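Going line by line, the protein sequences match chains P and G.
Mapping of the first sequence onto the UniProt record's numbering: residues 1 to 244, in sequence order.
Mapping of the second sequence onto the UniProt record's numbering: residues 1 to 304, in sequence order.
Be a bit skeptical, because a hint or two may be false.
Simulated restraints, written as ranges between beta carbons of each label pair [as the list claims (entries may be wrong)]:
{"#": "1", "chain 1": "G", "residue 1": "L216", "chain 2": "P", "residue 2": "F19", "range": "13 to 23 Å"}
{"#": "2", "chain 1": "G", "residue 1": "E139", "chain 2": "P", "residue 2": "N15", "range": "14 to 24 Å"}
{"#": "3", "chain 1": "P", "residue 1": "D128", "chain 2": "G", "residue 2": "W87", "range": "51 to 61 Å"}
DSBU-like mimics (lysine-lysine), calculated; alpha carbons at most 30 Å apart, straight line [claimed, not checked]:
{"#": "4", "chain 1": "G", "residue 1": "K255", "chain 2": "P", "residue 2": "K18"}
{"#": "5", "chain 1": "P", "residue 1": "K18", "chain 2": "G", "residue 2": "K285"}
{"#": "6", "chain 1": "P", "residue 1": "K18", "chain 2": "G", "residue 2": "K30"}
If you are wondering where the hints come from, they were derived from the structure by calculation, not from laboratory data.
Please read all numbers here as calculations on a predicted model, not as lab measurements.
Ideal Cβ positions, reconstructed from N, Cα and C, are used throughout, including at glycine.
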Amino acid sequence: MSNTNSKSTKASDFNRRKFLATSAKAGCVMGLVGLGLTATATQSSQRDPFAIRPPGALDEEDFLSSCVRCGLCVEACPYDTLKLARWFEGAATGTPFFTAREIPCEMCDDIPCVKVCPSGALDHSLEDIDDSKMGIAVLIDEKNCLNFKGLRCDVCYRVCPLIDNAITLERQRNHKSGHHAMFLPTVNSDTCTGCGKCERACVTEEAVIKVLPAKVALGRSAAHDTYENTEKTTLEMLNKGLSI
Amino acid sequence: MSKNIANSQTKSDKFAQAAVDELGWWGAHKFLILRRLSQLLVLALFAIGPWFGLWFFKGNLSSSELLGVIPLTDPLVTMQVLLTGHWPEVTLLIGAAIIIAFYAVVGGRTFCSWVCPVNIITDCASWIRRKLKLPRTSEMPRNLRYYLLALVLILPILTGFTVWEWANPVPIVYRAILFSAGSGLWILAAIFLLDLLVVERAWCSHLCPTGAMFSLIGKTSPIKVSAVNAEACDNCMDCFTVCPERQVLKPVLKKGSTQPMIMDSDCTLCGRCIDVCAPRVFQYKNRFQQRDLNRIALKAENNQ
């Protein structure tokens, strides 16, 4: 009886040791695999910060934590605007994005891509497509812009779905000729949705106006620059360095 | 006598020849063909949408909509999303619940053998291995997949990203075919070579965290493969050769076994053991059928 008892203890001892050894090994391997995966994932999320996401997309970080990469938005898009990213293509593998220069967003009133998103990576609280922020158009190369050369191209302004609101033509004296005007396309970053129609339509060989993710396109004022003296935000608070 | 030996040698040389002789070609490949058809049918039902505008399934295996109404979601990706701290739309959770319920009934790993496209590739690697008689040179523990599953679920907590979805090979085939995003196929090529040259059935039976999750989901499933005719087994080992999870066969074929059902949820219910067995040892069975027949077996099952 005692014999069998000690035998079983030995066996279980051996099993425990084996179990611990296997667990330790597997733990190490998984640690390495995890590091590798995380490195690839973070790197490829930073490699191309210029991916333009569908309307209603959360901030890039939240987007990457919530998007399940199912492609329902891609299939819902009636204009074949959206694509799922491939490996090495920039945006995180399998996540939806679009290239404005190829097919811009047509800004459907019923926003089918957002409605169909099961994960909430595209925010369902977006009801008016005009409120979407896929990116911000930036007139990035004034030197090659025809309007900056004093011509009346105006194409980006004409195709803008929010004409005279998201893009305006600002009149300025043309110092080159001395007696002409220049009409400078000017993007209002508050209202631009980033649909990309201006980038698509730009007549130059490489677009001089490009849609960039808001994170890249926008600066941010320091808190004290936009400070307003109210009861809630007193000057003392500000001096103590409390954020508003 | 010598003729007998020669006979038995030719018999063991040619894999599953006895089954083909006994059951006919169709009988010895029935579930293999049905499984391939099922895998391709599911893929086709997804593909006719983007190809021909006939929408049966929208989306892919990560998340989809059946006939535009019923949401279906991979529970693994849902768990990852939840662990990043993001609260998804309810449809995602309902979809995951439907999938969990479905596979809890039909058997968790039926996903692996009847739906998953990676299975076609790894089965192919294993078939080539058998044809070329490649030796089994290296082994790795089969529970690695549970460690990988744990890793896949821990990484979102640590990083806030659904990290695994960068590399997850299961949706890659679908993305390649439905969304012409084929550049991830190198991962599948890597898996094919790993299975072919390094460890037999390395991916599906040792590593895949999706399989590990479905194995856990299938623990309670009533549908099992049962060695109903175990006493007829002639130890030809064909089932062991073809089984992707051969460890599940041992307990039921062991001499004096009281439990004919393969209770191990690692069994993919692929039915290849049923196919290749000339003496018809195996059958699909409902585990509640045996309750009245064999109370001892039930006791054994509860002890597991």
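For each hint, the structure was consulted:
Range check, L216 of chain G to F19 of chain P: about 19 Å between beta-carbon atoms, so the 13 to 23 Å window is met. In this structure, E139 of chain G and N15 of chain P meet the distance hint of 14 to 24 Å, their C-beta atoms being roughly 18 Å apart. A C-beta distance of roughly 23 Å is found between D128 of chain P and W87 of chain G, which places it outside the suggested range of 51 to 61 Å. A C-alpha spacing of about 27 Å is found between K255 of chain G and K18 of chain P, which places the hinted pair at or below 30 Å, so the restraint holds.
At most 30 Å may separate the alpha-carbon atoms for a hinted pair to count; K18 of chain P and K285 of chain G exceed this at roughly 35 Å. The straight-line distance between the Cα atoms of K18 of chain P and K30 of chain G is roughly 41 Å, outside the 30 Å bound, and the hint therefore fails.
Violated hints for the displayed structure, listed by number in ascending order: 3, 5, 6.
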